[in-house]
Amino acid sequence: MTRQWEVVIGIETHAQLSTQSKIFSGASTAFGAPPNVQACAVDIALPGVLPVLNRGAVDCAIKFGLAVGGEVAAKSVFARKNYFYPDLPKGYQISQFELPVVVGGQLGIQVGDREKVVHLTRAHLEEDAGKSLHEDFHGKSGIDLNRAGTPLLEIVTEPDMRSSAEAVAYAKALHALVRWIGICDGNMQEGSFRCDANVSVRPVGQKEFGTRREIKNLNSFRFMQQAIDYEVQWQIATIEDGGSIEQATVLFDPDTGGTRAMRSKEDAHDYRYFPDPDLLPLIIDSAWVARLRAAMPELPAAMRNRFLADYGLSAYDASALTSSPEAAGYFESAVAVAGKASAKTCANWVAVDLAGRLNKDGKGIGEAPVTPAQLGVLVARIADNTISNNIAKKVFESLWNGEGGGEAAAADRIIEKQGLKQITDSGAIETLIDEVLAASAAMVAEFKSGKEKAFNALVGQAMKATKGKANPQQVNDLLRKKLLG
Amino acid sequence: MIARNLKTLSQALAAREISSAELTRLYLDRIARHNPRINAYITVDPEKSLAQAEAADQRLAAGAGAPLTGIPLAQKDIFCARGWLTTCGSKMLGNFVSPYDATVIARFNAAGAVNLGKTNMDEFAMGSSNETSFFGPVNNPWDTGRVPGGSSGGSAAAVAALLAPAATGTDTGGSIRQPAALCNLTGLKPTYGVVSRYGMIAFASSLDQAGPMGRCAEDCGMLLNAMAGFDERDSTSLDRPAEDYCRDLAANAGDKPLAGLKIGLPKEFFGDGCEGCDPEVMRLVEAAIDEYRRLGAETVDISLPNMRLSVPAYYVIAPAEASSNLSRFDGVRYGYRAAEYGDLNDMYGKSRAQGFGAEVKRRILIGTYVLSHGYYDAYYLQAQRIRRLIANDFVAAFKQCDVILGPTSPSTAFKLGEKAADPVQMYLSDIYTIAVNLAGLPAMSVPCGFAHVGQGGGSVWLPAGLQLIGNYFAEAKLLDIAHRYQQATDWHSRRAAGFD
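Residue numbers (the working numbering), protein chains in the order written: chain A, 1279 to 1763; chain B, 5 to 504.
A few of these clues could be false.
[Stated by the list, open to error] Here are the in silico distance ranges between beta carbons for each label pair:
(1) ASN1495(A) with ASN99(B): 33 to 39 Å
(2) PHE1362(A) with ALA425(B): 29 to 35 Å
(3) ASP1414(A) with LEU30(B): 54 to 60 Å
(4) ASN99(B) with ALA1311(A): 47 to 53 Å
(5) GLN386(B) with ALA1352(A): 23 to 29 Å
(6) LYS1353(A) with GLN386(B): 17 to 23 Å
(7) PRO50(B) with ALA1311(A): 36 to 42 Å
(8) ALA1352(A) with GLY258(B): 50 to 56 Å
(9) MET1574(A) with HIS377(B): 55 to 61 Å
(10) ASN99(B) with HIS1416(A): 23 to 29 Å
(11) PHE1362(A) with ARG86(B): 37 to 43 Å
(12) GLN1388(A) with GLN386(B): 48 to 54 Å
[Stated by the list, open to error] Simulated crosslink set (DSS-like; lysine-lysine; CA at most 25 Å straight-line):
(13) LYS1745(A) with LYS1759(A)
(14) LYS1729(A) with LYS1695(A)
(15) LYS365(B) with LYS1359(A)
(16) LYS354(B) with LYS403(B)
(17) LYS1695(A) with LYS1731(A)
(18) LYS1409(A) with LYS354(B)
(19) LYS1747(A) with LYS1759(A)
(20) LYS1359(A) with LYS354(B)
(21) LYS1418(A) with LYS354(B)
(22) LYS1699(A) with LYS1731(A)
(23) LYS1359(A) with LYS1494(A)
(24) LYS1695(A) with LYS1742(A)
Since the hints were made in silico from the structure, they are not lab data. C-beta: ideal position from N, C-alpha, C; glycine also.
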């Protein structure tokens, strides 16, 4: 049934900007303080107070504009979005409406092995509201204004996505990008990166969009996927049952896996936007943009292409290694030690072995006990046949546990100390193979009767006899020669 | 002592002829005696005032005094002052003690001035008669059956009754100049951005500007010297070099001190343009023009063609901004909250219904309406276009003249209750002053004589004001032009009877 429907999704993301102080006051933005201790006179909107723009937040917006190839507006305007809510102290939120700070731009995403470009409508600066606390107050609500005035960049896409998988891929790519350029810590649990998804469906081939419903506050990628999938099924079922979709704002309930309407179009607010007379238009001259452009890091898309071209990495590895600046930096530092010829091996070690080990210990790459230089030396030892890839895993585990000290050459010390150097003397290996063949007459017979499996067993026996130190390729070659020759 | 201007008071304090504590006590005693008749002050706190006075005396004794050190000043209750009840004339803030100082207050504190008390005002500065105050109307010292003007009516009445040497006011559409005219004071609304708005409770942010109200131009200049200056906490504050606004006042320029000055007379202020204007007021303004000619100035006829649109444009823009500015008064964090309510919306509704007066509610409704979806373009945007046209009119006019002259108010003080039932008539009280706020220009009101109002035994002489409008940042020039007139006339030094 679903084949005849096309899903249309646009995403709005609120990225909390990594500034020390709030967007319009000097209060701290640090997370986790006791309620209301980080709310100054401006944040609690005492009579007479005025906002003053934090230029650090503008820096973040400009960096984002540059990163997505959008237009950084020479003039943008702060506007008041008026509505009453207890955690909105002024009775209006300072945001940008008609003239946002960034216009347009795009972000490349990967869905499986398919690539796609998601176009951005705009990105604008605004302040966050406080928090209403509904528990522990015996039927009343508590208000915590620590978050009030925290700078946000709201990033809005065109309705370009056609599946929950694309939506999640976009959200992940955006999440990686804002962290990459250092404007947002991306901490979804603390609310630093929150997405709303506008979802509609239409019959395949229809030009007009269907009526959309907006799913609010998706704070994990998994929830985003679940919420969109549920919503899409619900909309299709509703229409197929002869119903119609009403524009609405809905919430995703992780417990039921469903969405439920929060408010319909009828009770939608009229926000009465108008330019905030307390703030001058934001003028960004070309020198300001140029200063930040000069300080921009290489962006993940460009770096990914470079990894493909320069190091010959697989698309998967190139993507994995450019998922964060830390991963990319780690990889490139390791390559610098191991040599460019070993780049692919380095990539594999960083993206698979190191990543797996970090995952097991719940560590981030910045906390890895094995330094990039240590890994680079390890990979170099594989390349120069000092050790095999299998032995290298042992050495890696020793490095992880801090054996061999902290210096780059720790791997060499471990190889030396544990006697892990590969046996490459073919005379010695031949002797061992002869012993193995003598002791495994039955297997030899099996092989000779055409069972290729028996060959692998014999290789295993030989490797075991060398405690894994023989060069596997060499063992392979010699064994085959002896059996066939 | 109470009749002295600020300069001679300052000299007396510096010479230790009188202490600040003595002077402050003198005024506090006068307030205790006369304020009940005119209701000019909302809050007086002798203990706080005297503590400041004693600190000022120590500073003076140490020879570290500034021109305003030790001088008591009345502060409009729109300025937040730390530890002081700051009501803005509203029940909504009837219990609000400010935890911080407005920049204007902080600057006066730094200058060593004494806060004599907080003056009555129209609620949230919305009014032209001081009748919208939750704390009751103010009576005009020249005739206590009449209004003092507004919204800075308490400040005007306090200075007119000699219950303060000088006072602060704020002017969004004429709220310094109109009460100054109606109470025979000199008042100055500076160029928008010259005085910080930080801590001054907002009515209409793009129009609000604080300024001095005093007995003469020189007093205003001395106050403005302390008030003006860049403030990084106000994004609309202008970062300009400091200036001495009294710098031109001392020079003796002979008997034609204003030779070469070109005074523009807009046709919209005179003749056909002043239908509805009291002919007595116009007669006094014409006489002032003659005086200026005697002082050497020449007059040129000019036109401000979009002047007639200023009141309607203002009554879109100011309520629009006010409707948003006053949203913070929601009963949640401070201020008035209804005693009984059901859910959250009921708490909002009741707190605001009970906490705001009728005029404030009217303007919130107007402002909410003009910003609403579907009306924004027709009202708010259109009003902003008109605002631009009005500002352009002034730019063109100042190519032909140095200063623009006309009446401040179309009438002298009206009777309490006379216009209270007719908001439009009340709004027209500011017909000559509003365009100046829309353009952001500096302007003054200067006493220019008395009109005989009424008949027989009930007749009174009421003061009238002359308005001088300057180009941007022409405060010092305006003060000079007013000062020369005040050297040649004595209207400004006439005192209301009955406040000895």
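To see whether the hints hold, each was checked on the structure:
Between ASN1495(A) and ASN99(B), the C-beta spacing of about 37 Å keeps the proposed range 33 to 39 Å intact. PHE1362(A) and ALA425(B) have their C-beta atoms about 31 Å apart, which keeps the hinted 29 to 35 Å range intact. Roughly 56 Å separates the CB atoms of ASP1414(A) and LEU30(B), a value that falls within the hinted 54 to 60 Å. Separated by about 28 Å at the C-beta atoms, ASN99(B) and ALA1311(A) break the suggested range of 47 to 53 Å.
The hinted window of 23 to 29 Å between GLN386(B) and ALA1352(A) holds, with their beta carbons roughly 26 Å apart. For LYS1353(A) and GLN386(B), the Cβ-Cβ distance of about 22 Å falls inside the hinted range of 17 to 23 Å, so the restraint holds. For the pair PRO50(B) and ALA1311(A), the supplied restraint of 36 to 42 Å holds, since their beta-carbon distance comes to about 41 Å. Here the CB-CB span from ALA1352(A) to GLY258(B) is close to 53 Å, well matched to the stated 50 to 56 Å.
For the pair MET1574(A) and HIS377(B), the beta carbons lie near 40 Å from each other, so the given range of 55 to 61 Å is not met. Checked against the hint of 23 to 29 Å, the pair ASN99(B) and HIS1416(A) passes, with Cβ atoms roughly 25 Å apart. Look at PHE1362(A) against ARG86(B): about 29 Å separates their beta carbons, and that is not inside 37 to 43 Å. As the Cβ distance of GLN1388(A) to GLN386(B) is approximately 50 Å, the hint placing it in 48 to 54 Å holds.
Proximity of LYS1745(A) to LYS1759(A) is assessed by CA-CA distance (about 22 Å); at most 25 Å being required, the pair is judged to hold. A hinted pair counts as satisfied when its Cα atoms are at most 25 Å apart, and LYS1729(A) with LYS1695(A) does not qualify at roughly 40 Å. With a C-alpha separation of about 20 Å, the suggested pairing of LYS365(B) with LYS1359(A) holds against the 25 Å cut-off. Note on LYS354(B) and LYS403(B): the hinted pairing is violated, with a Cα-Cα distance of about 53 Å set against a maximum of 25 Å.
Distance hint between LYS1695(A) and LYS1731(A) is unfulfilled; the C-alpha atoms sit about 35 Å from each other, more than 25 Å. Annotation: proposed proximity of LYS1409(A) to LYS354(B) holds, straight-line Cα distance about 23 Å (limit 25 Å). Distance hint between LYS1747(A) and LYS1759(A) is fulfilled; the C-alpha atoms sit about 20 Å from each other, no more than 25 Å. Using a Cα cut-off of 25 Å, the hinted pair LYS1359(A) and LYS354(B) holds, with the two alpha carbons roughly 23 Å apart.
Only pairs whose Cα atoms come within 25 Å are accepted, and LYS1418(A) paired with LYS354(B) is accepted, the gap being roughly 18 Å. Of the supplied pair hints, the one linking LYS1699(A) and LYS1731(A) is violated, its CA atoms being roughly 28 Å apart against a limit of 25 Å. For the suggested pair LYS1359(A) and LYS1494(A), the alpha carbons sit about 18 Å apart, so the restraint of at most 25 Å is met. Simply put, LYS1695(A) and LYS1742(A) have alpha-carbon atoms about 20 Å apart, close enough for the 25 Å limit, and the pair holds.
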